[in-house]
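> Here's the letter readout for the chains.
Number of protein chains: 4
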Amino acid sequence: MSDLFTESSSQWLSRDELEAARERLPMLYVDAVPVRVDETGTVTAFGLLLRVSGDGEISRALISGRVLYQERVRTALLRHLEKDLGPLALPKLPAHPQPFTVAEYFPIRGVTPFHDARQHAVSLAYVVPVEGDCHPQQDALELAWFTPEQAADPEVQQAMAGGQGTLLRQALAVCGF
Amino acid sequence: MSDLFTESSSQWLSRDELEAARERLPMLYVDAVPVRVDETGTVTAFGLLLRVSGDGEISRALISGRVLYQERVRTALLRHLEKDLGPLALPKLPAHPQPFTVAEYFPIRGVTPFHDARQHAVSLAYVVPVEGDCHPQQDALELAWFTPEQAADPEVQQAMAGGQGTLLRQALAVCGF
Amino acid sequence: MSDLFTESSSQWLSRDELEAARERLPMLYVDAVPVRVDETGTVTAFGLLLRVSGDGEISRALISGRVLYQERVRTALLRHLEKDLGPLALPKLPAHPQPFTVAEYFPIRGVTPFHDARQHAVSLAYVVPVEGDCHPQQDALELAWFTPEQAADPEVQQAMAGGQGTLLRQALAVCGF
Amino acid sequence: MSDLFTESSSQWLSRDELEAARERLPMLYVDAVPVRVDETGTVTAFGLLLRVSGDGEISRALISGRVLYQERVRTALLRHLEKDLGPLALPKLPAHPQPFTVAEYFPIRGVTPFHDARQHAVSLAYVVPVEGDCHPQQDALELAWFTPEQAADPEVQQAMAGGQGTLLRQALAVCGF
Chain A
4 MSDLFTESSS QWLSRDELEA ARERLPMLYV DAVPVRVDET GTVTAFGLLL
54 RVSGDGEISR ALISGRVLYQ ERVRTALLRH LEKDLGPLAL PKLPAHPQPF
104 TVAEYFPIRG VTPFHDARQH AVSLAYVVPV EGDCHPQQDA LELAWFTPEQ
154 AADPEVQQAM AGGQGTLLRQ ALAVCGF
Chain B
4 MSDLFTESSS QWLSRDELEA ARERLPMLYV DAVPVRVDET GTVTAFGLLL
54 RVSGDGEISR ALISGRVLYQ ERVRTALLRH LEKDLGPLAL PKLPAHPQPF
104 TVAEYFPIRG VTPFHDARQH AVSLAYVVPV EGDCHPQQDA LELAWFTPEQ
154 AADPEVQQAM AGGQGTLLRQ ALAVCGF
Chain C
4 MSDLFTESSS QWLSRDELEA ARERLPMLYV DAVPVRVDET GTVTAFGLLL
54 RVSGDGEISR ALISGRVLYQ ERVRTALLRH LEKDLGPLAL PKLPAHPQPF
104 TVAEYFPIRG VTPFHDARQH AVSLAYVVPV EGDCHPQQDA LELAWFTPEQ
154 AADPEVQQAM AGGQGTLLRQ ALAVCGF
Chain D
4 MSDLFTESSS QWLSRDELEA ARERLPMLYV DAVPVRVDET GTVTAFGLLL
54 RVSGDGEISR ALISGRVLYQ ERVRTALLRH LEKDLGPLAL PKLPAHPQPF
104 TVAEYFPIRG VTPFHDARQH AVSLAYVVPV EGDCHPQQDA LELAWFTPEQ
154 AADPEVQQAM AGGQGTLLRQ ALAVCGF
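Residue numbers (this note's numbering), protein chains in the order written: chain A, 4 to 180; chain B, 4 to 180; chain C, 4 to 180; chain D, 4 to 180.
Treat the hints as calculated values from the structure; they're not laboratory data. Each hint can be trusted.
Each pair may be met inside one copy or between any two copies, as identical chains are not told apart.
Listed next, the in silico DMTMM-like pairs over lysine to aspartate or glutamate satisfying Cα-Cα at most 20 Å (straight line):
1. Lys95 - Asp136
2. Lys95 - Glu42
3. Lys95 - Glu134
4. Lys95 - Asp41
5. Lys86 - Glu42
Just chain A, same shape as in the assembly:
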């Protein structure tokens, strides 16, 4: 059954079919905010992905992706964490299934703080401590660690697409900052 859960196997939902579904149903997503914690569990750094676009512009993002058919939410979280941070990141998923918030990405701007032009996505958001080495697996992608003070900078947050700056601010708040 495990091959149901790989990214490539989701292709049996053909690209056209996925596009059609995206115009008619909310898509289920997960968002992960990777963090470094000290021995008391206090967050010392928030991880943001840096993407360098073709024209050299840098955009910052959280880890985000779709939950597949018959995939557990936890499995989806691990899959997207591994895809973006590499296989040695050692993420520690929370024991609670409760997300810290639910981010509703609408195709129309202004309904919520979150926006996704392609689709209506509803995302379960989690703060995930990672203990290992993080090496993004894709080209033109890096991971940078921000102290809580740096992550709280409105400029950092405003430069994030789709309203993810709001999600980062909410993650900071939930972690006591």
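Keeping the supplied structure of chain A fixed, place chains B, C and D upon it in accordance with the hints.
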């Protein structure tokens, strides 16, 4: 735009198309546990829907339903609460978007405590105080109030379909019982 | 037993004795963020107390106070809400005992974002919708409602004493802003 | 300052003084439910302390203890975890300060599900994954791991003192069981 959000209008996603999507994507749901609270906010009763089937058997259920395309989670909650409790129930939705848990209903039994033969549904679960009069709108449907002690009865919980007894038990725990 | 719970009766813990305890034990507090919500539960305004000091300076504050011996946390919340908002405020306490955060006020600055020169206080923080009329009961005290945008203003938050601006920011985040 | 935080140093609040305070103020506590998790964060076992009394009776308990003056809640959690599980347990404290519930232990039975004849204690409760080796440090104390099914057994829960069976049940619910 509001007609997008009515149950009937979802028919523009034809029954066949919805069936096809159900075999390929997780469906986004909400579950609501209606409660009565006293003036200190303490839950005094949990509401369960009673359905009488054709052969006279009674089944108990929580309020549950799909989130539609471009519908807010809050709007979906209100819509399903009104559909099952009537327009005078006066539900008080939580100020926090955070659900108390996420219930993953799988078409295969045993993956999680939750099961739905028709589909893979991921449901955001909320406890919702209702202050008004509750009158189920459909035939063969009643609402019954259970004290916390009655709701904690394993027999009550085991008689609920799809693992919703587990969700009721989790709602009791979250409310301090 | 109810007279145990009134503010005046706590005087049987004499002022001297309370001062002595404050130097040796963490004090248990509650913080409440009063909000107005619309029919979908979305917060439309955050309430801040305005205190005018002798020299005409205005300070803004959340509702905050001690939990007494043998007093329920819920009862303490209601007591402080009534004391600061009057008897007609109709606060709707959450059904969940879980606070949205725990604020640790230290007598030394810099240990946490929260500071209280008099004592080490640990406060359970709740967002509380209020539906009625709010009339502060004490002289030199007013309640003002701030839209989420106004409440998010760093200037508003920085003007609050003891780090309560951080608590207001966390309440905004928890409510989806 | 660290010597303020050791159990022995709390003796500068003499035994008599602590007794006096216990009759007049709520005491701030933490409760920890140690768990083993698999690589997806799913709880595989709940840890209970077993105490053998002089007459050979076994009682089961959660990890529980007081928060000291000027001690962080996190530090108190770590201190009590280390005291009861030994220095090699490697507890992973949550990044969120939010407890999963607040347990109010009253000296009078029946006010809440929680009871403590000595005092009014208000306890912040956390589920804490532990990754290392657990070796209780005190005589007549052992740690036993229970599967979620075993921990859900009403007999196990009823045999716990002070209502901690209720807290264990709430921890199970919060972890998705």
